[in-house]
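Engineer: Once you have looked at the hints, place chain B on chain A.
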Amino acid sequence: MKKYLSFFRIRFNLLLQYRGAAYAGMVTQFFWGIMTLLMFHAFYEADPNAFPMTFRQLSAYIWIQQSTIALLMVWFLENDIFEEITSGGVAYSLVRPLDLYTMWFTKNAATRLAKATLRFLPILLIASLLPDPYRMSLPASGLSFICFIGAMLLALIIVVAYCMLIYIATFHTMNPMGIRLVATSMTEFFSGAIIPLAFLPTYLRTLLEWSPFGSMVNFPLQVYNGNIQGMALLQGLLLQLFWAVVLVWIGKWWMQQSLKKVIVQGG
Amino acid sequence: MKLYLKYFQIHLHSQMQYKVSFFLTVIGQFILSFSAFLEIYFMMTRFHTVNDFPFEEVLLCFAIVMLAFALAECFVRGFDGFSSILGNGQFDRILVRPRNIIFQVLATKIELSRIGRFIQAAIIFAYAIPRCQIIWSADKIFTLILMVISGVVVFSGLFIIYASLCFFTTEGLEFLNIFTDGGREFGKYPFSIYGEGVLKLFTYIIPLALFQYYPFLYLIGKTEDIKYMLAPLIAFLFLIPCFMLWHFGLKHYKSTGS
Numbered sequence: 255m256k257k258y259l260s261f262f263r264i265r266f267n268l269l270l271q272y273r274g275a276a277y278a279g280m281v282t283q284f285f286w287g288i289m290t291l292l293m294f295h296a297f298y299e300a301d302p303n304a305f306p307m308t309f310r311q312l313s314a315y316i317w318i319q320q321s322t323i324a325l326l327m328v329w330f331l332e333n334d335i336f337e338e339i340t341s342g343g344v345a346y347s348l349v350r351p352l353d354l355y356t357m358w359f360t361k362n363a364a365t366r367l368a369k370a371t372l373r374f375l376p377i378l379l380i381a382s383l384l385p386d387p388y389r390m391s392l393p394a395s396g397l398s399f400i401c402f403i404g405a406m407l408l409a410l411i412i413v414v415a416y417c418m419l420i421y422i423a424t425f426h427t428m429n430p431m432g433i434r435l436v437a438t439s440m441t442e443f444f445s446g447a448i449i450p451l452a453f454l455p456t457y458l459r460t461l462l463e464w465s466p467f468g469s470m471v472n473f474p475l476q477v478y479n480g481n482i483q484g485m486a487l488l489q490g491l492l493l494q495l496f497w498a499v500v501l502v503w504i505g506k507w508w509m510q511q512s513l514k515k516v517i518v519q520g521g
Numbered sequence: 030m031k032l033y034l035k036y037f038q039i040h041l042h043s044q045m046q047y048k049v050s051f052f053l054t055v056i057g058q059f060i061l062s063f064s065a066f067l068e069i070y071f072m073m074t075r076f077h078t079v080n081d082f083p084f085e086e087v088l089l090c091f092a093i094v095m096l097a098f099a100l101a102e103c104f105v106r107g108f109d110g111f112s113s114i115l116g117n118g119q120f121d122r123i124l125v126r127p128r129n130i131i132f133q134v135l136a137t138k139i140e141l142s143r144i145g146r147f148i149q150a151a152i153i154f155a156y157a158i159p160r161c162q163i164i165w166s167a168d169k170i171f172t173l174i175l176m177v178i179s180g181v182v183v184f185s186g187l188f189i190i191y192a193s194l195c196f197f198t199t200e201g202l203e204f205l206n207i208f209t210d211g212g213r214e215f216g217k218y219p220f221s222i223y224g225e226g227v228l229k230l231f232t233y234i235i236p237l238a239l240f241q242y243y244p245f246l247y248l249i250g251k252t253e254d255i256k257y258m259l260a261p262l263i264a265f266l267f268l269i270p271c272f273m274l275w276h277f278g279l280k281h282y283k284s285t286g287s
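The listed protein sequences derive, respectively, from chains A and B. In terms of our numbering, the first sequence is residues 255 to 521. In terms of our numbering, the second sequence is residues 30 to 287.
Please note that a few of the clues may not be correct.
[Claimed, not checked] A few chain A residues facing chain B, derived, Cβ under 10 Å:
no., residue
1, L292
2, H295
3, Y298
[Claimed, not checked] Calculated from the model, a selection of chain A residues having no Cβ within reach of chain B, i.e. all distances over 10 Å:
no., residue
4, M255
5, L259
6, R310
7, P351
8, L352
9, L372
10, L375
11, P387
12, L392
13, P393
14, F399
15, G404
16, T460
17, L491
18, L495
19, K514
Quick caveat, the hints were computed from the structure, so don't treat them as lab data. Even for Gly, the Cβ is constructed at its ideal location relative to N, Cα and C.
Next up, chain A with everything else stripped away, as it sits in the complex:
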């Protein structure tokens, strides 16, 4: 356990060095958030009754999403891992007395956490100073805030476990570009990162809420807003737990199978 924790610390310190990148990222995310909200506002004006939540709740949804974008977006993949696989450098990792799955998992989670920690506070602070409907608001209640933190952690595990599947698939295809694009592009839409799932028609919404994708982004952010409470909240958390366990299990199993077949070409 200690070994993995030190991996975590190394990654964290490494990323804290790149403060310039963090500022640039914050500006981008902030602008993106404002544009998204302005777009939704135009729709809101077209027909306020068709809006499935209050505009304030939407603002909180968008701001949390933008400020923690590194945490929950599937497309934040580690290029070193792809390179390790395609260049054969993975052989070095294999001789280490560490479990490869756990090591990569920690690497990913650490990078995501470090990036998000650097960025989320300033974005949320500025966002809470904006004029009213666009402002970042406080959580619905203390309880929903605590559940929100738990849901975010579970979501992070699900997202990283999903990314692990993409890395492992690279063992079989060798060129990661195609599989990466296909696996990440639809996920964004399915998980509610482009528009909250509440804006979709009921049949699609229910389907996606039960899928692992709905647990990635849509669920935790709706918990923050207090849109999910009581039994539904408990059920959602259990569903997240279920997907986390299933995805990690599949990943571990698949990795074991792939490593049996892996051939490292010298060099």
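Structural biologist: Here is chain B on its own, set in the frame of chain A:
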């Protein structure tokens, strides 16, 4: 031109070496922009209009921007990846060759997998054009073509700015993505829906609205003013400061040494 065709052939040939990967990338590109289409579709079926633009008109706008962006990304991609050309010293080799520098940077990369976006733009055009009640007279067709060409020009200009700034920073500046990727993402709706301030920003500073919004009003018949139709021509002027910045950066170029 002949030389460019030669480069084109080489790129085509090299990208065809990895056929599975190429087709997966094409499919990925298609799906990537398809999720943007889904967003428009579900939002428009829920709200019916946005800022008085119905579904078909928004689709038309979306397809124009997507086509322009895909063309720009396909041919001007060399500037987008310029930081790596600078970083690995490839640019020094370019400098010693007796050919135009911009031409050579253009030729370093031709991304054919963007065809995934072309196909989608074509399908959406095929769907939206007969349904959006535009009488396709010669001037409307001319406007449409002008919009696409001008769009390619503006996006290319943005890529050139992005590359020019690499002369000073070596790394690419991530926040300029706001205008390239952001222009594509947010340009799927006419820029007026974001309100006055944003429209002004995209008219006077980054002329995305000049090819997307004003001529679009003429295209769908919201205005008869010929000035609106010719607005994309003004956007061509955007290339002047872009090239100035490029030359300024080039003068300050110091090799990274690797």
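Engineer: Any hints from earlier that this structure breaks? Give me their numbers in increasing order, please.
Structural biologist: none
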